[in-house]
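Visitor: Here are the chains, one letter per residue:
Protein chains: 2
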Amino acid sequence: MIEPPSLERLIIEFSGFPGIGKKTARRLAYHVLSKSKEKAVAFSEALLDAVEKVRPCSKCFSYAEQSLCDICKKRSGASSLCVVEKTSDILPFESSGVFQGLYFVLGGVLSPLDGVGPEHLHIPYLIERVQKENIQEVILALGSSPEAESTVLLIDRLLKDMPVKRSRLARGIPMGSDLEFVDEMTMLRAFEGRVLF
Amino acid sequence: MIEPPSLERLIIEFSGFPGIGKKTARRLAYHVLSKSKEKAVAFSEALLDAVEKVRPCSKCFSYAEQSLCDICKKRSGASSLCVVEKTSDILPFESSGVFQGLYFVLGGVLSPLDGVGPEHLHIPYLIERVQKENIQEVILALGSSPEAESTVLLIDRLLKDMPVKRSRLARGIPMGSDLEFVDEMTMLRAFEGRVLF
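So the sequences go chain by chain: L and R.
Sequential numbering from 1 applies to the first sequence in the numbering used here.
Sequential numbering from 1 applies to the second sequence in the numbering used here.
This is chain L alone, in the form it adopts within the complex (with noise of 0.2 Å):
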């Protein structure tokens, strides 16, 4: 398909999304030009508005658009202090509701090989909260990768002296899938894990 350059540009832009392949990145881009100029004026404006006002929040580096993020305010002075990578791995503990805690953003893992070390991690912070915080527990939530685990690893020596329990979340069979299609170290977490009745 021969396409216009500013058409080829946005198609490209769109692309750059994760999970968007060319041709969602296509679908989308003849939307934006299907739509009134308006739309894509306003779809810009929250783009930039968003881009803007977002800023980490000063206690968990979640997204905020004062200094502190609205759970932070809210919940100040729980207990419970549950550390994820990025901010969008919270969405799963507040859209199930299973968790009335903290949070705490890292900013990533542990990564030598892409050049990720400690200091580029929000550790320090963590660590500072945990003993300034009336904390009692701190949920490592953060994935099962092997950066993850070497993560894990280093915050769990770190809090170790310090009078606060360390958790992290069970591993095994995910909910409504088929033993048949469960991939090996899942299964074999699920099997080392198994519960007595």
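If you are wondering where the hints come from, they were derived from the structure by calculation, not from laboratory data.
The structure displayed is predicted, hence computed values, not measured ones.
Even for Gly, the Cβ is constructed at its ideal location relative to N, Cα and C.
Among these hints, one or two may not hold up.
Result set (DSS-like, lysine-lysine): computed pairs, CA atoms no more than 30 Å apart in a straight line [to be verified]: (1) R:Lys160 x R:Lys73; (2) L:Lys53 x R:Lys23; (3) L:Lys23 x R:Lys35.
Cβ pair distances, simulated, as ranges [said to hold, decoys possible]: (4) L:Glu149 x R:Ser96: 45 to 51 Å; (5) R:Ser76 x L:Asp49: 40 to 46 Å; (6) R:Leu153 x L:Asp49: 45 to 51 Å.
Following the hints, complete the assembly by docking chain R onto the known chain L.
Guide: Okay, now just chain R, sitting in the frame of chain L:
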């Protein structure tokens, strides 16, 4: 999830795209924030630039930046004209390379319930093109909804007395599909149109 207002607005804007649900919209909005401000600005510029520059081709109503689109420019004088509902319908013809002729974007199909009558489509321009240019065949490639069918009937009637062949795409079983899952209407058309060896 309690998101800052500007982020929430951006999520709502993304949900307005076709095929983008709330979850994907949130993922896309979070992606914007996770990247540099420069990238968001570049995306926003690409968006406004495309909306600003792209306009309908003066001959075929496809997308163009100049008076004529690239296809109308390069294939001027071709004798086949493929009539489609919207610009993006041109894509499968071009990506399969099956057609080397000209296109004409109708701008919709008749839909009395939505208030779309013949006067809202580019039908007069189509008739004019067929009269003035050396068009030998008009391929009516308009989908198979009742609205599209009645639009095809109308155009067919308008072209009937002109010295031009009229055709439509074959209907039948799509490639690679399991017969078990073919819907009734498709089976009906495929059976009716069966081809003798």
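Visitor: Each hint needs a verdict: does it hold in this structure or not?
Guide: Cross-check of the supplied hints:
1. R:Lys160 x R:Lys73: This hinted pair holds, its Cα atoms lying about 28 Å apart.
2. L:Lys53 x R:Lys23: Measuring from Cα to Cα gives roughly 22 Å; hence the hint holds.
3. L:Lys23 x R:Lys35: holds, 23 Å
4. L:Glu149 x R:Ser96: 45 to 51 Å: At 47 Å between Cβs, range holds.
5. R:Ser76 x L:Asp49: 40 to 46 Å: holds, 45 Å
6. R:Leu153 x L:Asp49: 45 to 51 Å: Given about 48 Å between the Cβ atoms, the range holds.
In summary, the structure agrees with every hint in the numbered list given earlier.
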